[in-house]
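Using full-length UniProt numbering, you'd call the opening residue of the sequence shown number 1 and step up by one each time.
Since the hints were made in silico from the structure, they are not lab data.
Please read all numbers here as calculations on a predicted model, not as lab measurements.
Ideal Cβ positions, reconstructed from N, Cα and C, are used throughout, including at glycine.
Check before you lean on any hint, since a few could be wrong.
[Stated by the list, open to error] Quick list of in silico lysine-lysine cross-link-like pairs, BS3-like style, CA-CA up to 27 angstroms:
| hint | residue 1 | residue 2 |
| --- | --- | --- |
| 1 | K95 | K183 |
| 2 | K37 | K73 |
| 3 | K183 | K130 |
| 4 | K336 | K309 |
| 5 | K328 | K345 |
| 6 | K332 | K353 |
| 7 | K143 | K183 |
| 8 | K345 | K335 |
| 9 | K95 | K336 |
| 10 | K62 | K143 |
| 11 | K349 | K336 |
| 12 | K159 | K249 |
| 13 | K143 | K73 |
| 14 | K62 | K95 |
| 15 | K328 | K317 |
| 16 | K332 | K321 |
[Unchecked claim] Cβ-Cβ distance ranges computed for the label pairs, FRET-style:
| hint | residue 1 | residue 2 | range |
| --- | --- | --- | --- |
| 17 | G162 | E203 | 44 to 50 angstroms |
| 18 | A246 | E106 | 47 to 53 angstroms |
| 19 | D223 | T179 | 43 to 49 angstroms |
| 20 | V299 | A246 | 30 to 36 angstroms |
| 21 | F275 | H232 | 20 to 26 angstroms |
| 22 | N60 | L206 | 26 to 32 angstroms |
| 23 | Q274 | H232 | 26 to 32 angstroms |
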Amino acid sequence: MAPYKEDEVKVDNVTKIVDTAKLHCVSSVHVNLHVSKVVVHPLVLLSVVDHFNRVSKTQNVKRVVGVLLGSMKPDRTLDIANSFAVPFDEDERDKKTWFLDMDYLESMYGMFHKVAARERIVGWYHTGPKLCQNDIVINEQLKRFTCNPVLVVIQAEPKDLGLPTEAYVEVQEVHADGTPPIKTFEHVPSEIGAEEAEEVGVEHLLRDIKDQTAGTLSQRITDQLMGLRGLHGQLRDLQCYLHEVADGKLPINHAVIYYIQEVLNLLPDVTSPQFVEAHNVQTNDQLMCVYMGSLVRTVIALHNLIDNKLSLQKNEKDKEKVEGIGKKDENKEEKKENKDTRDSKEGDKEKEKEATKKSF
Numbered sequence: 001m002a003p004y005k006e007d008e009v010k011v012d013n014v015t016k017i018v019d020t021a022k023l024h025c026v027s028s029v030h031v032n033l034h035v036s037k038v039v040v041h042p043l044v045l046l047s048v049v050d051h052f053n054r055v056s057k058t059q060n061v062k063r064v065v066g067v068l069l070g071s072m073k074p075d076r077t078l079d080i081a082n083s084f085a086v087p088f089d090e091d092e093r094d095k096k097t098w099f100l101d102m103d104y105l106e107s108m109y110g111m112f113h114k115v116a117a118r119e120r121i122v123g124w125y126h127t128g129p130k131l132c133q134n135d136i137v138i139n140e141q142l143k144r145f146t147c148n149p150v151l152v153v154i155q156a157e158p159k160d161l162g163l164p165t166e167a168y169v170e171v172q173e174v175h176a177d178g179t180p181p182i183k184t185f186e187h188v189p190s191e192i193g194a195e196e197a198e199e200v201g202v203e204h205l206l207r208d209i210k211d212q213t214a215g216t217l218s219q220r221i222t223d224q225l226m227g228l229r230g231l232h233g234q235l236r237d238l239q240c241y242l243h244e245v246a247d248g249k250l251p252i253n254h255a256v257i258y259y260i261q262e263v264l265n266l267l268p269d270v271t272s273p274q275f276v277e278a279h280n281v282q283t284n285d286q287l288m289c290v291y292m293g294s295l296v297r298t299v300i301a302l303h304n305l306i307d308n309k310l311s312l313q314k315n316e317k318d319k320e321k322v323e324g325i326g327k328k329d330e331n332k333e334e335k336k337e338n339k340d341t342r343d344s345k346e347g348d349k350e351k352e353k354e355a356t357k358k359s360f
């Protein structure tokens, strides 16, 4: 397929929308989406990371593109179970010029369809890490295979905590002032899901990565710390969004403001005396458990120290006994040698006396 120009598809103000990279949802009212949730399997993540690593070693590219295969469930949950890479290239200086090998895509999909007929093309992916200017136009090309393709941005080298996936669907944004509608992306909730066989395979792959010496408590604390770091990052992004809205850099999105207000309403009243008392009681209980655990560890350490000292003393006494027995044996041998020497000297003297008598 020849290099494709973005001007061939008429999409107004797409550049203006995508340039605001902080926007996940620009549309005002999009309630009836054809996808309610996107579930990405671990096999897809592994394939995308392998694709990115292979291409980045040979070419100087910032992102790679591929096709997602899966099926739609009755509850409008899109289950993405497989994927394959597609040759893709774009001009870094001019994002309007890009190339996607559609012939390769069709041939690969034909082979995949022979192996797994239930899996069909449901969308495409790229490694972002954010939405790009020409994503709308690439999405138009994927409509040859599916009516409503889903875009999943998968971060092959994630720098922040949290899920490395962001799912989007194309929607029409209608303005209240009567201006022509424009195409943009609507954010869709995504999660990582796997079947039992895939979970076993992932656990086997992670066996060499996880610290087997770490206990359950330390692992749980580590997971909680990672969760808190992710929450802190999301709150920081939320704060930046509100500051930009207050400064007039971003338009007011009443749906987003409503969700923020709903989240804030879920926060407990920390100034309530009952809450303060309950929090103090629970904190004291936990600290008491920690204190008792420290005392038990201290007693066990002292017990081991005393046992070690007693064992050392016993070993020293046994060593002294062995050395004493060895010295006694040496003394006996010396005495025996001295006795033999004296006996031999006395025998020599008697022989000399007898020889002297015979001579006379």
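Structure-based check of each hint:
For the hint pairing K95 with K183, the CA-to-CA distance comes to about 18 angstroms; that is within 27 angstroms, so the pair holds. Taken as a hint, the K37 and K73 pair is honoured in the structure, with Cα atoms around 10 angstroms apart against an allowance of 27 angstroms. Between K183 and K130 the CA atoms are separated by roughly 17 angstroms; this keeps the pair inside 27 angstroms, and the hint holds. Pair hint K336 plus K309 does not hold up; C-alpha atoms about 41 angstroms apart against a cutoff of 27 angstroms.
A hinted pair counts as satisfied when its Cα atoms are at most 27 angstroms apart, and K328 with K345 qualifies at roughly 26 angstroms. At most 27 angstroms may separate the alpha-carbon atoms for a hinted pair to count; K332 and K353 exceed this at roughly 31 angstroms. Between K143 and K183 the CA atoms are separated by roughly 14 angstroms; this keeps the pair inside 27 angstroms, and the hint holds. Taking the CA atoms of K345 and K335, the gap is about 15 angstroms. The hint holds against a cut of 27 angstroms.
Of the pairs offered as hints, the one joining K95 and K336 is violated, with about 105 angstroms between alpha carbons and a cut-off of 27 angstroms exceeded. Distance hint between K62 and K143 is fulfilled; the C-alpha atoms sit about 25 angstroms from each other, no more than 27 angstroms. Restraint check for K349 and K336: satisfied, since their Cα atoms lie roughly 20 angstroms apart, inside the 27 angstroms limit. For the proposed pair K159 and K249, the alpha carbon gap of about 26 angstroms is at most 27 angstroms, so the pair holds.
The hinted pair formed by K143 and K73 meets the criterion: a straight-line CA distance of about 20 angstroms does not exceed 27 angstroms. The straight-line distance between the Cα atoms of K62 and K95 is roughly 12 angstroms, inside the 27 angstroms bound, and the hint therefore holds. At most 27 angstroms may separate the alpha-carbon atoms for a hinted pair to count; K328 and K317 meet this at roughly 16 angstroms. With a C-alpha separation of about 17 angstroms, the suggested pairing of K332 with K321 holds against the 27 angstroms cut-off.
Taking the beta carbon of each, G162 and E203 are about 21 angstroms apart, not inside 44 to 50 angstroms as hinted. The given range of 47 to 53 angstroms is respected by A246 and E106, whose C-beta atoms sit roughly 49 angstroms from each other. Between D223 and T179 the beta carbon distance is about 48 angstroms. The supplied range of 43 to 49 angstroms therefore holds. Checked against the hint of 30 to 36 angstroms, the pair V299 and A246 fails, with Cβ atoms roughly 58 angstroms apart.
For the pair F275 and H232, the beta carbons lie near 22 angstroms from each other, so the given range of 20 to 26 angstroms is met. Restraint check, N60 to L206: a C-beta distance of roughly 31 angstroms satisfies the suggested window 26 to 32 angstroms. Our hint of 26 to 32 angstroms for Q274 and H232 holds, since their Cβ atoms are close to 28 angstroms apart.
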